[in-house]
Amino acid sequence: MKDWRYWLAEQRGTLLALGIFIVMFIIYTSNHPAGFTANVVQTAANKGVLLAFVAMAQTLVVITAGIDLSVGMIFLLTNCLASWLVVGTPMQTTLGVIAVLAVGLLCGAINGAIVIYGRLQPIVATIATGAVYYGIGLLLRPFPGGSVNEDLADAMTGRVFDVVPASLVVLFGIVLVIWVPFSRSVLGRAAYAAGSSETAAYMSGVPIRRGKFAAYTLAGLLAAIGGLFLTFFTYTGDAAYASGNAYTLFSIAAVVLGGVSLFGGKGSAIGAIFGALAFRTIGDLLFVFDFDPLWQPLFQGVILLIAVSLGAFALFRVRNRLEWFL
Amino acid sequence: MDSAVPLFRMEGISKRYGGVRALEKAELVVTSGSIHAILGENGAGKSTLIKVMAGVVAPDEGRMTLDGREVTFPSPAAANQAGIVCIFQELSLVPDLSVADNIVISDPPKRFGMIDRGAQRRIAEEALARAGAADIHPLALVKDLPLSRRQMVEIAKALARKPRILILDEATSALTAADVSKIFAVLKRLRGEGLALLYISHRMNEIAELADQCTVFRNGRNVASYKAGSKSDNEVVELMIGREYSHIFPPKPAAVPGAAAPRLEARKLSWTDRLHDISLTVRAGEVVGLGGLDGQGQRELLLAFFGVLRGLSGEVLIDGKPVAISSPSAAREDGIGMALIPEDRKTEGLMLPMTVRENLSFAALDRLSKGGIIDRAAEQRLIDDMVALLAIKTAGLDIPVGALSGGNQQKVVIAKWLMRQPRIILLNDPTRGIDVGTKQELYQLMRKLADAGAAILFYSTDYDELIGCCDRVLVLYDGAVKRELVGAEITERALIASALNIHGEESPVGLGATA
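From first to last, the protein sequence lines are chains H and X.
So for the first sequence, this note's numbering puts the first residue at 1; every next one is plus one.
So for the second sequence, this note's numbering puts the first residue at 1; every next one is plus one.
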């Protein structure tokens, strides 16, 4: 078999997500009253990247066969923090951004330490830490408010050369700076190996713990980048519990849509980004069709079910029924 | 042996798992430039010995020296570092990664802190070529390869680590004859390069062809070391057995009810490459054993009867009538009345955190309920009967079954199925890891059930059990019935000889009884 076929097989999930996104986006823009204009794309991109960052964060953890239910709360906490710190002179703003990102890293590192060294189950550990992170966010912003350096915010949510949404450029940069090195590093491979078969990885002398720790920590960082962007879009900090939960759950949906296996070891953050963008587009479809917004959750759920079942066909080929449960 | 310091030496190594002694003051000397075969029955301690060498298991006592210096291996990585590389029986490949990823996994080539994919590809191709498996594409995912190819990848992976001591634990068990001859050429070349190779295999002909030195293990000790070719197959088998029988088995009925019609019958049962044309019969009142080395298709055969496998060919007959059993719940229906006591009680037999009561009733809930409501009184009566029949020792019915001892857990699994009064009972190595007292009770129970009219098909890795419990034994090798032993023919010698597929003093009888 030729090399490109293997590449294609490996990227199947990502390409499928890309395909779903493109189809959805075409349906969306062609029915949008304004059509395919820079403005429409910019608005869609700005909404999409928020979920894309959180979904990237979720991907890193899901690859290790874990799950991070605190990503949405790290997203909120860093939003609240940014509404205090990312203000003032360019110098102060820069320090504020660094501080917000550092807090994200710390939150991820705490998750990783509890799951890996404390040996707690990821689902329980991150529900607990998520509640803590939300609690801190609530203390920082009991009521919506605060502000942000508007020059920076406008630059980040505007357009580059009046065409390309700046948020997409940043997303692309983050993929290059975080995801690509991670996925090609020894730690990244350790994360994949641990998710695919922890015993085999252990037997092969793979640094499982460091790989998983790196995944959780970087997940915190990515969620914080999402939190920063939320601040740039809204100019405020808001510890909105329902919104944090929704981001957590949507990130899982986006990850699955993006071809990342919840059993671990398989998938890419790039797939998850397309999954997130597709998911957002699905959510917006009803608005352009002028349906009652009441139908949105139901509609979104049905589309999601259909998309996810595309990935389940392999189960029909199983010869030993016990493998269904592996 | 030369006067020079041996490459590697193990002295007085012991290891216990709970109450079970896996190794008892074992000794081993490994020299460079030789192939050293390790022989022994299932459970003789070979695997534990290897695991100690490879840093997977820490010994309770004893010392190891490498080049005359004392060493300890806290992890597999440490053993690799020292040049000891092991190809395990259970594959150590990561299924979702590519062949090349797997080959370099313990020490990938790096450039600018990232994995250098070009270099990785070259290393992988070179290692595959050295292993004689250049036909495997380095970008293929391991999970998409058939078992025999995976085994070749495993060997290539070991070679890429530039080992000084290479351990092969049943490394050829999944290989085709063509691959085996390639591997043998590779192993001989490595010996010429000065490597020390430890070779564990049940295939006597392979050992005869490859080994320079042999060591036999029995009950966790090394009982004999000799130059390859200096002992006959029979002498070797003698060394491997050397055990007394314990008189813990119930008497067998004098005459096998040969005239009775078969309760369970298989005709030319095949499934993928794991089962080949298996035909057998089990009559009511009969205990039929499945023997052979571990992993020769016994487990798959039981799963096939129980409706777990898809794509079976051949026929299954119950009371002479062909049936299609499509799932475990169909297998337990009244017309069939089958029960399977699984091998791994922790995952396939019990819900460990749930109570003894709940676990006991699962399989029989439909019989104990009317319109979906469980008849608590009937349930209680049946459970009391079972607890008394099997003498299950538990502090109460409402404690988690995970709190019981291994033996009592296994009794719960069996009791759960007996609550349905099965007519056909399949047992998959049911006494693994349980104490002798409970084993004895299970043997008695098995005979009691057979006397009461059940047909029993019993797979065990313990030859004593097969000898002590069974009216007939079918020995499987490579997914096919190689030999049928009846009554007094069931001896340890015959079992081992046919399990190793060597022809002992008796010539093999034809395939299993066909209708």
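One or more hints might be untrue.
Heads up, simulated DSS-like pairs for lysine-lysine below, C-alpha to C-alpha not over 30 Å straight-line [what the hints assert, rightly or not]: (1) H:Lys2 - X:Lys321; (2) X:Lys162 - X:Lys182; (3) X:Lys448 - X:Lys393; (4) H:Lys2 - X:Lys143; (5) X:Lys227 - H:Lys2; (6) X:Lys321 - X:Lys482; (7) X:Lys231 - X:Lys448; (8) X:Lys182 - X:Lys227; (9) X:Lys143 - X:Lys162.
Just so you know, these hints were derived from the structure itself, not from any lab.
This one's a predicted model, so the numbers in the text were calculated from it and none came from an experiment.
Now the hints, each set against the structure:
1. At most 30 Å may separate the alpha-carbon atoms for a hinted pair to count; Lys2 (chain H) and Lys321 (chain X) exceed this at roughly 51 Å.
2. For a cut-off of 30 Å, the pair hint linking Lys162 (chain X) to Lys182 (chain X) stands: about 19 Å separates their Cα positions.
3. With a C-alpha separation of about 20 Å, the suggested pairing of Lys448 (chain X) with Lys393 (chain X) holds against the 30 Å cut-off.
4. Between Lys2 (chain H) and Lys143 (chain X) the CA atoms are separated by roughly 18 Å; this keeps the pair inside 30 Å, and the hint holds.
5. Straight-line distance between C-alpha atoms of Lys227 (chain X) and Lys2 (chain H) comes to about 49 Å, which puts the hinted pair past the 30 Å bound.
6. Between Lys321 (chain X) and Lys482 (chain X), the direct Cα distance comes to roughly 26 Å. Compliance with the 30 Å bound is thereby established for this hinted pair.
7. Straight-line distance between C-alpha atoms of Lys231 (chain X) and Lys448 (chain X) comes to about 43 Å, which puts the hinted pair past the 30 Å bound.
8. Of the supplied pair hints, the one linking Lys182 (chain X) and Lys227 (chain X) holds, its CA atoms being roughly 24 Å apart against a limit of 30 Å.
9. This hinted pair checks out: Lys143 (chain X) and Lys162 (chain X) have alpha carbons roughly 25 Å apart, not beyond 30 Å.
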